[in-house]
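S.K.: Residue strings, one per chain:
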Amino acid sequence: MFKSVGKVTKFSVLAIWFVFTLFPLYWIFLTSIRPVREVTKKLYLPQSNSTLDSYRTLFSQYAFGTYIKNSFVVAFAASAFVIFIGMLGAYALARYKFKGKSQIMLVFLVTQMIPGLIALAPLYLLLSKVNLLNTLIALIFCYVGGMVPFATIMLRGFLQRIPPELDEAALIDGCNRFTALFRVVFPVALPGIAATFIFAFVQCWNELFLAMVLIDSDGNKTFPVGMRSFVGAYYIEWGGLAASVMIGIIPTVIMFGLMSKFMISGLSAGIVKG
Amino acid sequence: MAASVHKLVRKDGKKAQNILAPLWFLLPALVMVAIFIYYPVLATANMSFKNYKLFDQSNIFYNGFENFRGIFKDLAFRRILQNTVLWVSVSLFFQFFIGFGLALYLKKKFKFSGLYQSIIFIPWALSGFLMGLVWKWIFDDNLGVLNDMMLKLGLIETPIPWLSNANWAMAAVIIANIWYGVTFFVIMILAALQGVPNEILEAAELDGCGKAKTLFLVIIPYIRPTLILIVLLRIIWITNFPDIIFGMTSGGPNQQTHILSSWLVQKITYDQDWGSGSALGLLMLCVLFIFTVFYLLATRLEKDSEGN
Numbered sequence: 067m068f069k070s071v072g073k074v075t076k077f078s079v080l081a082i083w084f085v086f087t088l089f090p091l092y093w094i095f096l097t098s099i100r101p102v103r104e105v106t107k108k109l110y111l112p113q114s115n116s117t118l119d120s121y122r123t124l125f126s127q128y129a130f131g132t133y134i135k136n137s138f139v140v141a142f143a144a145s146a147f148v149i150f151i152g153m154l155g156a157y158a159l160a161r162y163k164f165k166g167k168s169q170i171m172l173v174f175l176v177t178q179m180i181p182g183l184i185a186l187a188p189l190y191l192l193l194s195k196v197n198l199l200n201t202l203i204a205l206i207f208c209y210v211g212g213m214v215p216f217a218t219i220m221l222r223g224f225l226q227r228i229p230p231e232l233d234e235a236a237l238i239d240g241c242n243r244f245t246a247l248f249r250v251v252f253p254v255a256l257p258g259i260a261a262t263f264i265f266a267f268v269q270c271w272n273e274l275f276l277a278m279v280l281i282d283s284d285g286n287k288t289f290p291v292g293m294r295s296f297v298g299a300y301y302i303e304w305g306g307l308a309a310s311v312m313i314g315i316i317p318t319v320i321m322f323g324l325m326s327k328f329m330i331s332g333l334s335a336g337i338v339k340g
Numbered sequence: 544m545a546a547s548v549h550k551l552v553r554k555d556g557k558k559a560q561n562i563l564a565p566l567w568f569l570l571p572a573l574v575m576v577a578i579f580i581y582y583p584v585l586a587t588a589n590m591s592f593k594n595y596k597l598f599d600q601s602n603i604f605y606n607g608f609e610n611f612r613g614i615f616k617d618l619a620f621r622r623i624l625q626n627t628v629l630w631v632s633v634s635l636f637f638q639f640f641i642g643f644g645l646a647l648y649l650k651k652k653f654k655f656s657g658l659y660q661s662i663i664f665i666p667w668a669l670s671g672f673l674m675g676l677v678w679k680w681i682f683d684d685n686l687g688v689l690n691d692m693m694l695k696l697g698l699i700e701t702p703i704p705w706l707s708n709a710n711w712a713m714a715a716v717i718i719a720n721i722w723y724g725v726t727f728f729v730i731m732i733l734a735a736l737q738g739v740p741n742e743i744l745e746a747a748e749l750d751g752c753g754k755a756k757t758l759f760l761v762i763i764p765y766i767r768p769t770l771i772l773i774v775l776l777r778i779i780w781i782t783n784f785p786d787i788i789f790g791m792t793s794g795g796p797n798q799q800t801h802i803l804s805s806w807l808v809q810k811i812t813y814d815q816d817w818g819s820g821s822a823l824g825l826l827m828l829c830v831l832f833i834f835t836v837f838y839l840l841a842t843r844l845e846k847d848s849e850g851n
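These protein sequence lines are chains G and Y, in that order.
Just so you know, we're using our numbering here: the first sequence kicks off at 67 and counts up by one.
Just so you know, we're using our numbering here: the second sequence kicks off at 544 and counts up by one.
A portion of the hints provided could be inaccurate.
Below, in silico cross-link-like pairs of lysine-lysine (DSS-like), each with a Cα-Cα straight-line distance of 25 angstroms or less [claimed, not checked]:
no.: 1; chain 1: Y; residue 1: K754; chain 2: G; residue 2: K195
no.: 2; chain 1: G; residue 1: K69; chain 2: Y; residue 2: K654
no.: 3; chain 1: G; residue 1: K76; chain 2: Y; residue 2: K654
no.: 4; chain 1: Y; residue 1: K754; chain 2: G; residue 2: K76
no.: 5; chain 1: Y; residue 1: K593; chain 2: Y; residue 2: K654
no.: 6; chain 1: Y; residue 1: K650; chain 2: Y; residue 2: K756
no.: 7; chain 1: G; residue 1: K73; chain 2: Y; residue 2: K650
no.: 8; chain 1: Y; residue 1: K596; chain 2: G; residue 2: K76
no.: 9; chain 1: Y; residue 1: K652; chain 2: Y; residue 2: K754
no.: 10; chain 1: Y; residue 1: K756; chain 2: G; residue 2: K69
no.: 11; chain 1: Y; residue 1: K616; chain 2: Y; residue 2: K596
no.: 12; chain 1: Y; residue 1: K652; chain 2: G; residue 2: K76
no.: 13; chain 1: Y; residue 1: K754; chain 2: Y; residue 2: K651
no.: 14; chain 1: Y; residue 1: K593; chain 2: G; residue 2: K195
no.: 15; chain 1: Y; residue 1: K652; chain 2: G; residue 2: K69
no.: 16; chain 1: Y; residue 1: K756; chain 2: Y; residue 2: K652
no.: 17; chain 1: G; residue 1: K73; chain 2: Y; residue 2: K616
no.: 18; chain 1: Y; residue 1: K654; chain 2: G; residue 2: K108
no.: 19; chain 1: Y; residue 1: K616; chain 2: Y; residue 2: K593
no.: 20; chain 1: G; residue 1: K73; chain 2: Y; residue 2: K652
no.: 21; chain 1: Y; residue 1: K695; chain 2: G; residue 2: K73
no.: 22; chain 1: Y; residue 1: K593; chain 2: Y; residue 2: K756
no.: 23; chain 1: G; residue 1: K69; chain 2: Y; residue 2: K695
no.: 24; chain 1: Y; residue 1: K616; chain 2: G; residue 2: K69
No lab work stands behind these hints, which were simulated from the structure alone.
Based on the sequences and whatever the hints tell you, model everything.
M.R.: Set out below in structure tokens:
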């Protein structure tokens, strides 16, 4: 008797949270497929007059194709770089004992306390000095810099689980440390690397404020910055906004869905043990 | 990178032959962190003592503590400080307990639990700013679906001024933030729960511990270090997370829903008063630093066994 009451409670709680989680996304989806004139109607189910007009507008009247491309370029490049740099650092921290190691760990850990927002003004000035303002390269650099600590700590967690005998064998077979890392350790650590990559990609894809400050030409805007076109001071074009939200969340949801199994072990290895 | 073959560190503690090797590996990471994280901190500290307005570049000079005084004297400051405390504490409270509850429920696998997890983890992959806009649409006083639902269900008789009244708006942004952040706790606590060895749980059961007793006397003490750490990380993170507020209210109406970090964004992007923005950033950094030290002292977090 008690057991079944417990079960009912459990599944009701899970169901309520499920609905609460999905409702905003469901609602924005419904908004995005309504005809423009009916955007504000409160109909809780898809109607027969559903249309993709709002989506078409994004690409015909706004430069959303460009924004999406820019976001992909930036997120992909920054994540790839941060994995490369992070792997090198993580390898040193996981495999060597040396003086100052705990201090270096501290240098990485303390960054978690620093509000990233304070970097907005200094980085703007720094990048204007080297003439990189308003370029995607500037964004890539900033994102890599910002993500290095978490990527290094997280990858270190994965590398620690790989037995050192593996790279030892590679060294005996004539690899140097560098080739041992990328030819032998890298493939074994791939699930962890993939989790880190996706985590980094999602962060870059969603980043707004740096992109807002560093980029002002339409051709170089990333997706979240482009989205701000819909948010005028007094008027918001909800249909277009809803459609662009849908497009903006699809890539990360797909990546995340593919990786959600690895995510649990991955994140906890990196962050909790860090 | 022409690294020669270095002997590996073995469990018997044999030193690596070349102490420079690990530093070469770490160099790119350290350079990036120095340029893109630590340099901005120093530059911010410097700028916070300057009169520095982006639109008035010919008029930049050191002005002592003027920026800090300006922040404390700002009429919105008290409200913003209160909002920040409310934003962090209420969001954290609900995120933690809902996250803990869901993690306990999800620990034991059931049919479709994998799928269920993937779906309720979705908010975590989404942009805070985008979701802020979505919630703005839902909470909208006149056009929003929430008022419509509550009216239809007879819960209210007149629409709630969710976004035009400052207090309701604070509630709205916090609700959105809870929605957004529970996932983090579910993931982290679930991982921690899965790390509790089965032998301990079996032993507790043999000793006749009930479910509640096992939870409070066995499981929670076991995962306590993890809990302490993720709560700390989360407090810092929520403090520095203006995205949802930026999307939903942009701090309005009349500056009344700003928290410190969204105020900072406003100072940097709209007001372009970089001196004041830097001063605010420096204050936040100091407060977070002091808080972290006290928090760690108070919880006496032992150096965790796995790091070295």
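S.K.: State for each hint whether it applies.
M.R.: Here's how the hints hold up against the structure:
Distance hint between K754/Y and K195/G is unfulfilled; the C-alpha atoms sit about 62 angstroms from each other, more than 25 angstroms. Under the criterion of a C-alpha separation no larger than 25 angstroms, the hint pairing K69/G with K654/Y is consistent with the structure, at around 18 angstroms. With a C-alpha separation of about 14 angstroms, the suggested pair K76/G and K654/Y falls inside the 25 angstroms cut-off, and the hint holds. For the hint pairing K754/Y with K76/G, the CA-to-CA distance comes to about 14 angstroms; that is within 25 angstroms, so the pair holds.
Under the criterion of a C-alpha separation no larger than 25 angstroms, the hint pairing K593/Y with K654/Y is inconsistent with the structure, at around 61 angstroms. Proposed proximity of K650/Y and K756/Y is supported: the alpha carbons are some 17 angstroms apart, at most 25 angstroms. Using a Cα cut-off of 25 angstroms, the hinted pair K73/G and K650/Y holds, with the two alpha carbons roughly 14 angstroms apart. Restraint check for K596/Y and K76/G: not satisfied, since their Cα atoms lie roughly 55 angstroms apart, outside the 25 angstroms limit.
With a CA separation close to 17 angstroms, the supplied pair K652/Y and K754/Y stays within the 25 angstroms bound. This hinted pair checks out: K756/Y and K69/G have alpha carbons roughly 17 angstroms apart, not beyond 25 angstroms. For the suggested pair K616/Y and K596/Y, the alpha carbons sit about 19 angstroms apart, so the restraint of at most 25 angstroms is met. For the proposed pair K652/Y and K76/G, the alpha carbon gap of about 13 angstroms is at most 25 angstroms, so the pair holds.
For the hint linking K754/Y to K651/Y, the alpha-carbon distance of about 14 angstroms falls within 25 angstroms, and the restraint holds. Under the criterion of a C-alpha separation no larger than 25 angstroms, the hint pairing K593/Y with K195/G is consistent with the structure, at around 19 angstroms. This hinted pair checks out: K652/Y and K69/G have alpha carbons roughly 16 angstroms apart, not beyond 25 angstroms. Straight-line distance between C-alpha atoms of K756/Y and K652/Y comes to about 22 angstroms, which keeps the hinted pair within the 25 angstroms bound.
For the suggested pair K73/G and K616/Y, the alpha carbons sit about 55 angstroms apart, so the restraint of at most 25 angstroms is broken. For the hint pairing K654/Y with K108/G, the CA-to-CA distance comes to about 34 angstroms; that exceeds 25 angstroms, so the pair is violated. A C-alpha spacing of about 17 angstroms is found between K616/Y and K593/Y, which places the hinted pair at or below 25 angstroms, so the restraint holds. Our distance criterion of 25 angstroms between C-alpha atoms is met by K73/G and K652/Y, whose separation comes to about 13 angstroms.
For the proposed pair K695/Y and K73/G, the alpha carbon gap of about 31 angstroms is over 25 angstroms, so the pair is violated. Distance hint between K593/Y and K756/Y is unfulfilled; the C-alpha atoms sit about 58 angstroms from each other, more than 25 angstroms. Proposed proximity of K69/G and K695/Y is contradicted: the alpha carbons are some 36 angstroms apart, above 25 angstroms. For the proposed pair K616/Y and K69/G, the alpha carbon gap of about 59 angstroms is over 25 angstroms, so the pair is violated.
Going down the numbered hints, you'll see the structure goes against 1, 5, 8, 17, 18, 21, 22, 23, 24, while the others check out.
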